[in-house]
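> Chains as they are written, first to last, in this note's numbering: chain P, 1 to 283; chain L, 1001 to 1283; chain C, 2001 to 2283; chain D, 3001 to 3283.
Derived from the structure by calculation, the hints contain no laboratory data. These numbers come from a predicted model, not from an experiment. Glycine included, each C-beta is placed from N, C-alpha and C at the ideal position. You may find that some hints are simply not true.
[Stated by the list, open to error] Computed list of lysine-lysine pairs in DSSO-like fashion (alpha-carbon distance at most 27 Å, straight line):
| id | chain 1 | residue 1 | chain 2 | residue 2 |
| --- | --- | --- | --- | --- |
| 1 | P | Lys69 | C | Lys2165 |
| 2 | C | Lys2127 | C | Lys2107 |
| 3 | D | Lys3107 | C | Lys2241 |
| 4 | L | Lys1170 | P | Lys69 |
| 5 | P | Lys146 | P | Lys241 |
| 6 | P | Lys146 | P | Lys236 |
| 7 | L | Lys1163 | D | Lys3069 |
| 8 | P | Lys213 | P | Lys241 |
| 9 | C | Lys2165 | P | Lys53 |
| 10 | D | Lys3007 | L | Lys1241 |
| 11 | P | Lys230 | P | Lys127 |
| 12 | D | Lys3044 | D | Lys3007 |
| 13 | C | Lys2241 | P | Lys7 |
| 14 | L | Lys1044 | D | Lys3163 |
| 15 | L | Lys1007 | D | Lys3213 |
| 16 | C | Lys2007 | P | Lys236 |
| 17 | L | Lys1241 | L | Lys1230 |
| 18 | D | Lys3127 | D | Lys3069 |
| 19 | L | Lys1052 | D | Lys3044 |
| 20 | P | Lys52 | C | Lys2127 |
| 21 | C | Lys2007 | P | Lys163 |
| 22 | L | Lys1165 | D | Lys3053 |
| 23 | D | Lys3170 | L | Lys1044 |
| 24 | P | Lys241 | C | Lys2146 |
| 25 | P | Lys127 | P | Lys69 |
| 26 | C | Lys2163 | P | Lys52 |
| 27 | C | Lys2053 | C | Lys2007 |
| 28 | D | Lys3165 | L | Lys1053 |
| 29 | L | Lys1052 | D | Lys3213 |
| 30 | D | Lys3163 | L | Lys1007 |
| 31 | C | Lys2230 | C | Lys2241 |
| 32 | P | Lys44 | C | Lys2241 |
[As the list claims (entries may be wrong)] Label-pair ranges, simulated between beta-carbon atoms:
| id | chain 1 | residue 1 | chain 2 | residue 2 | range |
| --- | --- | --- | --- | --- | --- |
| 33 | L | Gln1199 | D | Asp3164 | 23 to 29 Å |
| 34 | L | Asp1041 | P | Ile248 | 33 to 39 Å |
| 35 | P | Asp70 | C | Thr2168 | 56 to 62 Å |
| 36 | D | His3196 | L | Asp1041 | 35 to 41 Å |
[Unchecked claim] Looking from chain P toward chain C, a few residues come up when the C-beta cut is under 8 Å (computed):
| id | residue |
| --- | --- |
| 37 | Asp6 |
| 38 | Lys7 |
| 39 | Leu55 |
| 40 | Asn62 |
Residues per chain, in single letters:
There are 4 protein chains.
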Amino acid sequence: MDIRLDKNAYGKNAIHLSKIIRHPDRHDIRQISVNISLSGDFEKVHTEGNNKKVLPTDTMKNTVYALAKDHFTTSIEAFGLYLADHFLTNNSQISEATVSLTEHCWKRMIFDDDPHPHSFVGGGSEKHETHIIKDHQHTLLSSGIKDLLILKTTDSGFEHYIKDKYTTLKETDDRIFSTECDITWIYDTVPPDPEHLYQAIRENLLHTFATHKSLSVQHTLYAMGDAVLKTFPEVKEITLKMPNKHHILFNLQQFGMENNNEVFIATDEPYGYITGTLSRQGQ
Amino acid sequence: MDIRLDKNAYGKNAIHLSKIIRHPDRHDIRQISVNISLSGDFEKVHTEGNNKKVLPTDTMKNTVYALAKDHFTTSIEAFGLYLADHFLTNNSQISEATVSLTEHCWKRMIFDDDPHPHSFVGGGSEKHETHIIKDHQHTLLSSGIKDLLILKTTDSGFEHYIKDKYTTLKETDDRIFSTECDITWIYDTVPPDPEHLYQAIRENLLHTFATHKSLSVQHTLYAMGDAVLKTFPEVKEITLKMPNKHHILFNLQQFGMENNNEVFIATDEPYGYITGTLSRQGQ
Amino acid sequence: MDIRLDKNAYGKNAIHLSKIIRHPDRHDIRQISVNISLSGDFEKVHTEGNNKKVLPTDTMKNTVYALAKDHFTTSIEAFGLYLADHFLTNNSQISEATVSLTEHCWKRMIFDDDPHPHSFVGGGSEKHETHIIKDHQHTLLSSGIKDLLILKTTDSGFEHYIKDKYTTLKETDDRIFSTECDITWIYDTVPPDPEHLYQAIRENLLHTFATHKSLSVQHTLYAMGDAVLKTFPEVKEITLKMPNKHHILFNLQQFGMENNNEVFIATDEPYGYITGTLSRQGQ
Amino acid sequence: MDIRLDKNAYGKNAIHLSKIIRHPDRHDIRQISVNISLSGDFEKVHTEGNNKKVLPTDTMKNTVYALAKDHFTTSIEAFGLYLADHFLTNNSQISEATVSLTEHCWKRMIFDDDPHPHSFVGGGSEKHETHIIKDHQHTLLSSGIKDLLILKTTDSGFEHYIKDKYTTLKETDDRIFSTECDITWIYDTVPPDPEHLYQAIRENLLHTFATHKSLSVQHTLYAMGDAVLKTFPEVKEITLKMPNKHHILFNLQQFGMENNNEVFIATDEPYGYITGTLSRQGQ
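Bound-form chain P, shown alone (with noise of 0.2 Å):
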């Protein structure tokens, strides 16, 4: 009997780096987390324990440190893409290049309207992040949001579903609709400013989110994707997961209240979990 060796990849994952860029009136600081994946001629590494064709994963963390200084410089889909291309290019055996970037969010503190030049409030759980995977031929870059926590308190219900012997939940035509979504975007080709692409995307979900009927998570995450297709042509493929984080109405009726869509449990799990992916036509 042989064994084959099928898929293999290694790296390294959760390297931070915070960087200070210096401007003549202010500081920027961004901050963000890289992985590194990379695959290629590897066979006798797992089969031989033959190291000769390695780069070890402490030298991509300390690659990303370096490159970081001359290269991270505007939005995290450059420097991801500078990082792959630069893997690639040095070692011979890379066949494909997988880059991960998420960065964390810090907002400038502004007083009496003035924008602070070096402080800055952070610990959002909302983060921007870019993937690439390249190999000698392709680039696939994707953006993205993840953790994105909204809500809206009505124009959201759901009503005349399949009921069963196991049905105990009551239809409503106004709930709230509460999701931590990660919701990430491939390009075409890649964008010349995808900071910028990226907060009118951004600002596009939200809209309609905001805006929409819902009639079910469903059919919200259908509007949200179909907007962006819409808007942005530089978008070919959108996926969206959209966890339903429940706020569940809470019965007030058996202590002789009225609970008039006012007070709710609010819960974590167990949690709907409702995920698609939409693109163009003849693509």
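Add chains L, C and D to chain P, keeping to what the hints say.
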């Protein structure tokens, strides 16, 4: 040998509640987590398994949801005080009630400068907290900020400290100063508008952090507490817990490059942990 | 321009369930977390908000609890297969059901070599998992171990790798090797006793890890997968994800002391991340 | 108005250290996390930014690693006492040192009843802790168990409690009792073999939990503390924190089925939180 039951308390933690407050032109969403802890005449519960004076923690939870309908309408401080009073008044066996509330921050979405009437973005780590400790004579009210992540890229140094045989840290007059801090303060008396006061104290804390020429975390911690006590006569004591989230200069010299305070390793652990309590003399 | 809905799925995650199985002389406690995900004829749910084919995720949750009474009596694999079959059989609009179960480990307390009939210790990170993907023709059954934390203090080295200008890692023929691994394998057919087989495969994996002379994480990963495929004909493919939880030699030389592989900095991040899939030739 | 600096302290937290202890026939692996906190004559650090009496937290970290080589050879209690003494003795400005150590549990692998000389399984949530508070006159030594998750499937009830208008909980004489508890105890004097004593106290706690006919969490908490104080004269005070991890009977009646205490919803939040401290009379 006789055994004595000293301190004891019981209650319900992590009661997660959301509430829609419905105005004619807009909704507010409030999301809180409530902890209740009671102590009093509970010796026989422990020693005999006699439950006749036990208000079940499940009932505490129900009570929080039921009272939220009519009494959680303004600040978490006001609702917390109402809850503490409710448990003390209705249960003569209770000598002390501790109520803690944490408010999770939802920000209204804004499109083209128009605040949206019912859609929100959440997900920040920063939370507004309040703690009430109440017995039949006294009420202690404290408010605070939890998990406030702040950073400044300059105006911070650390020099002239002790050097011994285990010292490897290098002195610096220019470093990143970042902390995910918990800050709580005790009010003399219940203020008329705790939410407004909270925002003003938060702003004061951020402003001191941003503008202080920091010679150490302790130095800035003290300045922040000092400014709050001097600006807000309502505050009689303030405690600051400021973990030092180190951003460590990456050694680029080993690669023949200079690192002019640009590229850092962002670390979570180990972390410095600095705490201090300030109050007014003579109190 | 036309938009197409590609992949889509929905379900309920994190359905936490415990069950007491009552034997005449003892109780067993089983605790599982279940994820259900369904796909099928759901296009109009997305595009029209038409819910008439939607089985609500709340009903999925109820179904899991209801079916657990009579059908969660042996392995999680058997219960998962029953659940997948239930959803497919009772809902013609569903083309594929994915069911994942994670079992949390409770160990019976033992006093003076006597197993206690109804008391248990839990709290391990290690979990037994199973994943079932089932459509009207095929059933794919995989089992695995999640968050298995293992460590060896010797018989592990890493040498003879590429050195480039960003290399700072020192070669070593004796290091700590620690990994919190996820290992999953696919069965050819449903085995008669999946719980027993799981324990045997787990033992095999630990034994290879313990006794292998490791020249790299990859080298040991391959050896572990290879041994499972050679020992268990029921397994047709195995995937190992082995993050390298680095224990870094602390530099005691700077204090005039020697560190003969004794004192280490135990780190979580950044971490090496090594993955591989092995299968039999010709399959 | 004058401001006073009351309590203040500083130190380093989360110093993660592993050590191989090399015996002729086997290795031991020990993994600990250390927190150091110092207080003393540090007023001017805060008020003037004068650092000349500051031992940097980075130096504390280095010191822990350096001293681990020769002095972390037996129990965490012994190493903690050595560390506390070191900081007090070498820094006259320090009036009090608090040292906390947490040991993460590694279990030796066993194959065919043979303990393996250098391979281990870890990953349990349960940890052994110790806290030392030391000044120039006194040493307070406490030890404890953190995150011990235990469960019993019977011999636990909760009845005859207060009913009021918000009561919905049903009385039961047979429920699951599960708690992830933190238990710490204070020693009169430093015991000769703290590791052995720790294991004996842990066993005693488990045995009481397993065999007690529980009428409430409080009732069992008291019994556990009582038994430790009566069995171990070295212990003068014990504090138990016992969150009630509720397993809630799932309502199968709504589907025409019976649930004879078989199927439960396993919940994390909200949770009951019961605490108590017991000591000997006259102390």
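> State for each hint whether it applies.
Here's how the hints hold up against the structure:
no., hint, result
1, Lys69/P - Lys2165/C, "15 Å, holds"
2, Lys2127/C - Lys2107/C, "12 Å, holds"
3, Lys3107/D - Lys2241/C, "22 Å, holds"
4, Lys1170/L - Lys69/P, "21 Å, holds"
5, Lys146/P - Lys241/P, "10 Å, holds"
6, Lys146/P - Lys236/P, "19 Å, holds"
7, Lys1163/L - Lys3069/D, "21 Å, holds"
8, Lys213/P - Lys241/P, "19 Å, holds"
9, Lys2165/C - Lys53/P, "15 Å, holds"
10, Lys3007/D - Lys1241/L, "12 Å, holds"
11, Lys230/P - Lys127/P, "24 Å, holds"
12, Lys3044/D - Lys3007/D, "14 Å, holds"
13, Lys2241/C - Lys7/P, "12 Å, holds"
14, Lys1044/L - Lys3163/D, "18 Å, holds"
15, Lys1007/L - Lys3213/D, "23 Å, holds"
16, Lys2007/C - Lys236/P, "15 Å, holds"
17, Lys1241/L - Lys1230/L, "19 Å, holds"
18, Lys3127/D - Lys3069/D, "22 Å, holds"
19, Lys1052/L - Lys3044/D, "55 Å, violated"
20, Lys52/P - Lys2127/C, "36 Å, violated"
21, Lys2007/C - Lys163/P, "25 Å, holds"
22, Lys1165/L - Lys3053/D, "15 Å, holds"
23, Lys3170/D - Lys1044/L, "22 Å, holds"
24, Lys241/P - Lys2146/C, "23 Å, holds"
25, Lys127/P - Lys69/P, "22 Å, holds"
26, Lys2163/C - Lys52/P, "9 Å, holds"
27, Lys2053/C - Lys2007/C, "17 Å, holds"
28, Lys3165/D - Lys1053/L, "15 Å, holds"
29, Lys1052/L - Lys3213/D, "18 Å, holds"
30, Lys3163/D - Lys1007/L, "25 Å, holds"
31, Lys2230/C - Lys2241/C, "19 Å, holds"
32, Lys44/P - Lys2241/C, "18 Å, holds"
33, Gln1199/L - Asp3164/D: 23 to 29 Å, "37 Å, violated"
34, Asp1041/L - Ile248/P: 33 to 39 Å, "35 Å, holds"
35, Asp70/P - Thr2168/C: 56 to 62 Å, "19 Å, violated"
36, His3196/D - Asp1041/L: 35 to 41 Å, "40 Å, holds"
37, Asp6, "4 Å, holds"
38, Lys7, "5 Å, holds"
39, Leu55, "5 Å, holds"
40, Asn62, "4 Å, holds"
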